[in-house]
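Colleague: Single-letter residue listing:
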Amino acid sequence: MTDKLFGGPAIFLDRSDINTDEIIPAKYLTEVTKEALKPYMLEDLNLENFDPKGDKLKNARVLVSRENFGCGSSREHAPWVFEVNGVHTIIAQSYARIFRQNTFNGGMLAIELPKADLDRLFALEKEGEVGISVDLDGQNVIATAGGKTETYSFDLSPFDKALVQAGGWVDFADTRY
Amino acid sequence: MGKTIAEKIFAAHLRDEPFPGTKVLDLDRVLCHEITTPVAIADLEARGKDRVFDNTKIKAVIDHVTPSKDSKTALQAKMLRDWARRHQIKDFFDIGHNGVCHAIFPEKGYIRPGYTVIMGDSHTCTHGAFGAFAAGVGTTDLEVGILKGVCAFREPATIRVNLTGSLPKGVYAKDVILFVIGQLGVNGATDRVLEFRGPIIDNMSMEARMTLCNMAIEAGGTCGICLPDMTTVEYLWPFIKDEFESPDAALSDYSQWVSDDDASYDKVLDFDLTNLEPHVTYGYKPDCVKPVAEMAGIPVDQVYIGTCTNGRIEDLRQAAEILKGKRIADTVRGIVSPATPKIFSQALAEGIIQIFMDAGFCVTNPTCGACLGMSNGVLSGGEVCASTSNRNFNGRMGKGGMVHLMSPTTAAATAIAGVITDARSM
Ligand code: SF4
Chain A
2 MTDKLFGGPA IFLDRSDINT DEIIPAKYLT EVTKEALKPY MLEDLNLENF DPKGDKLKNA
62 RVLVSRENFG CGSSREHAPW VFEVNGVHTI IAQSYARIFR QNTFNGGMLA IELPKADLDR
122 LFALEKEGEV GISVDLDGQN VIATAGGKTE TYSFDLSPFD KALVQAGGWV DFADTRY
Chain B
16 MGKTIAEKIF AAHLRDEPFP GTKVLDLDRV LCHEITTPVA IADLEARGKD RVFDNTKIKA
76 VIDHVTPSKD SKTALQAKML RDWARRHQIK DFFDIGHNGV CHAIFPEKGY IRPGYTVIMG
136 DSHTCTHGAF GAFAAGVGTT DLEVGILKGV CAFREPATIR VNLTGSLPKG VYAKDVILFV
196 IGQLGVNGAT DRVLEFRGPI IDNMSMEARM TLCNMAIEAG GTCGICLPDM TTVEYLWPFI
256 KDEFESPDAA LSDYSQWVSD DDASYDKVLD FDLTNLEPHV TYGYKPDCVK PVAEMAGIPV
316 DQVYIGTCTN GRIEDLRQAA EILKGKRIAD TVRGIVSPAT PKIFSQALAE GIIQIFMDAG
376 FCVTNPTCGA CLGMSNGVLS GGEVCASTSN RNFNGRMGKG GMVHLMSPTT AAATAIAGVI
436 TDARSM
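For the record, the sequence lines run as chains A and B.
Sequential numbering from 2 applies to the first sequence in our numbering.
Sequential numbering from 16 applies to the second sequence in our numbering.
Hints may be right or wrong, so weigh each one.
To be verified - Calculated pairs, DSBU-like style, for lysine-lysine (alpha carbon to alpha carbon, straight line, at most 30 Å): (1) Lys64/B with Lys162/A; (2) Lys23/B with Lys59/A; (3) Lys39/A with Lys357/B; (4) Lys39/A with Lys256/B; (5) Lys116/A with Lys93/B; (6) Lys5/A with Lys149/A; (7) Lys105/B with Lys87/B; (8) Lys35/A with Lys84/B; (9) Lys23/B with Lys35/A; (10) Lys57/A with Lys39/A; (11) Lys59/A with Lys256/B; (12) Lys123/B with Lys39/A; (13) Lys105/B with Lys93/B; (14) Lys5/A with Lys162/A; (15) Lys357/B with Lys28/A; (16) Lys54/A with Lys28/A; (17) Lys38/B with Lys35/A; (18) Lys87/B with Lys35/A; (19) Lys162/A with Lys38/B; (20) Lys23/B with Lys256/B; (21) Lys5/A with Lys38/B; (22) Lys39/A with Lys127/A; (23) Lys35/A with Lys256/B; (24) Lys84/B with Lys54/A; (25) Lys5/A with Lys127/A; (26) Lys256/B with Lys5/A; (27) Lys54/A with Lys35/A; (28) Lys414/B with Lys57/A; (29) Lys28/A with Lys93/B; (30) Lys414/B with Lys54/A; (31) Lys35/A with Lys305/B; (32) Lys84/B with Lys28/A; (33) Lys162/A with Lys23/B; (34) Lys39/A with Lys38/B; (35) Lys28/A with Lys414/B; (36) Lys28/A with Lys87/B; (37) Lys116/A with Lys162/A; (38) Lys116/A with Lys38/B; (39) Lys18/B with Lys54/A.
To be clear, the hints were calculated from the coordinates, so they are not data collected in a lab.
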């Protein structure tokens, strides 16, 4: 059963094609534990007014971005650096295949929302701090900010859902194969 | 309804379909290197499952940082080395024998038409050049691959890319793939296989096909793939000559891995490359491409020739042709990393290493090196590198550095001039 927390304060990264080198630079790939990656999350992110050392990121439990999130290298260090920082939910319009699979393989959520819904979610940020909760069974994202609440439904393949529920691919595969 | 090569490979390897649309495939090859494998090893140990599904199907190499540059990379190498010994993985390549993963594994004949291949490395798509389904995966997929010999995929739709005409002189596979990525965009092939077809491919060597397939991931592709033909058979012949009576017999066997004429594709793209120009990237995404002529004159601090994209013998020959009898600009640091020991020896025997040295290049041992900014040529902030590698992300070769991707020929011309240069203008 999963020990992950899905939901909490959200941080918004309003850019497409955020790559794995930005999420965790290659020079930290010399670490052999996930925990050691913790201080370096999004260190090289190329985004105006973004502070990788700021409280906003430190407090975030949900990350919201645009298209093709996590493109580039296959390094699972990218979802790991989110995991060890308590960010277990990512919401974006689309993902690079390997990043998406890595995220579900680790029992975390990579939720896809259509552009119109994401636009609404990004607009909500203007109302103030956005809190997000995820209803995994109903497949809904519930976002609140400044007294406003919005709900977006999402699709999850049965396999991805099973991975999240099993706590990841190793446990799933080990019992089945 | 006919099938694509990817669909045929999926059908032949299907172990399980736990949910509709999820295909769990049996794996023919699980490839490992020292950056992404140690965490998988440590996790298997922690779970009390330090086992391997088949030590003949697992191949491993230390290639990204070698020789180790500090105690952390030394630990990564040690973890892989100890694990390979513990499980008697015979095909393990360490110092003196090691080279860049996507160059050394095909060179050893490990990749065959119809195979399923995974590796904890995004450029695993390179191996599709042999008519294999080869996909980069993360450490967890790798871990399950090592333990169980399976990996799960969504059945990928295929984009067929027909490349017609003939390549003008001085235009190479790297220019072709940069152009195609520019057309597709960085996520134009996400969750798709890119099947390269047409007379341009028919006339390409295996080396050039590997360069092409290597960068499928830069358009988001799961795998680049070329259909096996006589060129594939001839490359593999030293390794398969005991399996088949003749090259023709091998070809006829491999023809089971050729897409059917009536196969259905997600998309079919046609490009006539007769007038293609050498291409180069600008900016921080591999789809930011332009003809070299439009970028000419931009100064560079370093020129890097090597990597899994363009560190093969043909690439070194092409660069040497330009460099012969010339010296690189005083303002440029030239670094060349032959991708494998075999390529290094070949280049030595052909006098290519001497040409590089006479031109003022530093020749390193086979390694990924500067490609991912971990060793052997890391850039300082504000520096520019002309590189034959595959990725120009912000910070890739060092924080604050800029990388322009190009062919070995363009890189060599750029090294001589000190500024981005179209070799045809020299
Ligand atoms: S040469 Fe570069 S792209 Fe290729 S495997 Fe090594 S680090 Fe990755």
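Colleague: Each hint: holds or not?
Modeller: Hint check:
1. Note on lysine 64/B and lysine 162/A: the hinted pairing holds, with a Cα-Cα distance of about 25 Å set against a maximum of 30 Å.
2. With a C-alpha separation of about 47 Å, the suggested pair lysine 23/B and lysine 59/A falls outside the 30 Å cut-off, and the hint is violated.
3. Restraint check: the Cα-Cα separation between lysine 39/A and lysine 357/B comes to about 40 Å, which exceeds 30 Å; the hinted pair is violated.
4. This hinted pair does not check out: lysine 39/A and lysine 256/B have alpha carbons roughly 51 Å apart, beyond 30 Å.
5. The hinted pair formed by lysine 116/A and lysine 93/B fails the criterion: a straight-line CA distance of about 46 Å is larger than 30 Å.
6. Taking the CA atoms of lysine 5/A and lysine 149/A, the gap is about 26 Å. The hint holds against a cut of 30 Å.
7. Proposed proximity of lysine 105/B and lysine 87/B is supported: the alpha carbons are some 25 Å apart, at most 30 Å.
8. For a cut-off of 30 Å, the pair hint linking lysine 35/A to lysine 84/B stands: about 21 Å separates their Cα positions.
9. Of the supplied pair hints, the one linking lysine 23/B and lysine 35/A is violated, its CA atoms being roughly 38 Å apart against a limit of 30 Å.
10. For a cut-off of 30 Å, the pair hint linking lysine 57/A to lysine 39/A stands: about 15 Å separates their Cα positions.
11. Simply put, lysine 59/A and lysine 256/B have alpha-carbon atoms about 59 Å apart, too far for the 30 Å limit, and the pair is violated.
12. Only pairs whose Cα atoms come within 30 Å are accepted, and lysine 123/B paired with lysine 39/A is rejected, the gap being roughly 39 Å.
13. Note on lysine 105/B and lysine 93/B: the hinted pairing holds, with a Cα-Cα distance of about 16 Å set against a maximum of 30 Å.
14. Taken as a hint, the lysine 5/A and lysine 162/A pair is honoured in the structure, with Cα atoms around 13 Å apart against an allowance of 30 Å.
15. A distance of roughly 28 Å separates the Cα atoms of lysine 357/B and lysine 28/A; the hinted pair therefore holds under the 30 Å criterion.
16. The hinted pair formed by lysine 54/A and lysine 28/A meets the criterion: a straight-line CA distance of about 18 Å does not exceed 30 Å.
17. The straight-line distance between the Cα atoms of lysine 38/B and lysine 35/A is roughly 29 Å, inside the 30 Å bound, and the hint therefore holds.
18. A hinted pair counts as satisfied when its Cα atoms are at most 30 Å apart, and lysine 87/B with lysine 35/A qualifies at roughly 14 Å.
19. For a cut-off of 30 Å, the pair hint linking lysine 162/A to lysine 38/B stands: about 15 Å separates their Cα positions.
20. Note on lysine 23/B and lysine 256/B: the hinted pairing holds, with a Cα-Cα distance of about 25 Å set against a maximum of 30 Å.
21. Between lysine 5/A and lysine 38/B the alpha-carbon distance is near 26 Å, which keeps this suggested pair within the 30 Å criterion.
22. Distance hint between lysine 39/A and lysine 127/A is fulfilled; the C-alpha atoms sit about 29 Å from each other, no more than 30 Å.
23. For the hint pairing lysine 35/A with lysine 256/B, the CA-to-CA distance comes to about 45 Å; that exceeds 30 Å, so the pair is violated.
24. Taking the CA atoms of lysine 84/B and lysine 54/A, the gap is near 28 Å; set against the 30 Å cutoff, the hint holds.
25. Among the hinted pairs, lysine 5/A with lysine 127/A is consistent with the structure: their alpha-carbon atoms are about 28 Å apart, no more than 30 Å.
26. Restraint check: the Cα-Cα separation between lysine 256/B and lysine 5/A comes to about 53 Å, which exceeds 30 Å; the hinted pair is violated.
27. For a cut-off of 30 Å, the pair hint linking lysine 54/A to lysine 35/A stands: about 19 Å separates their Cα positions.
28. For the given pair, lysine 414/B sits about 23 Å from lysine 57/A by alpha-carbon distance, which is consistent with the 30 Å threshold.
29. For the given pair, lysine 28/A sits about 18 Å from lysine 93/B by alpha-carbon distance, which is consistent with the 30 Å threshold.
30. About 17 Å separates the Cα atoms of lysine 414/B and lysine 54/A, which keeps this hinted pair within 30 Å; it holds.
31. Restraint check for lysine 35/A and lysine 305/B: not satisfied, since their Cα atoms lie roughly 39 Å apart, outside the 30 Å limit.
32. A hinted pair counts as satisfied when its Cα atoms are at most 30 Å apart, and lysine 84/B with lysine 28/A qualifies at roughly 12 Å.
33. In summary, the hint linking lysine 162/A to lysine 23/B is supported, as the alpha carbons are separated by about 28 Å, within the 30 Å threshold.
34. Proposed proximity of lysine 39/A and lysine 38/B is contradicted: the alpha carbons are some 34 Å apart, above 30 Å.
35. Using a Cα cut-off of 30 Å, the hinted pair lysine 28/A and lysine 414/B holds, with the two alpha carbons roughly 10 Å apart.
36. With a C-alpha separation of about 11 Å, the suggested pairing of lysine 28/A with lysine 87/B holds against the 30 Å cut-off.
37. For the hint linking lysine 116/A to lysine 162/A, the alpha-carbon distance of about 22 Å falls within 30 Å, and the restraint holds.
38. A threshold of 30 Å between alpha carbons decides the hint, and for lysine 116/A with lysine 38/B the separation of about 28 Å falls inside it, so the pair holds.
39. Of the supplied pair hints, the one linking lysine 18/B and lysine 54/A is violated, its CA atoms being roughly 51 Å apart against a limit of 30 Å.
Comparing the model with each earlier hint shows violations of hints 2, 3, 4, 5, 9, 11, 12, 23, 26, 31, 34, 39; every other hint is respected.
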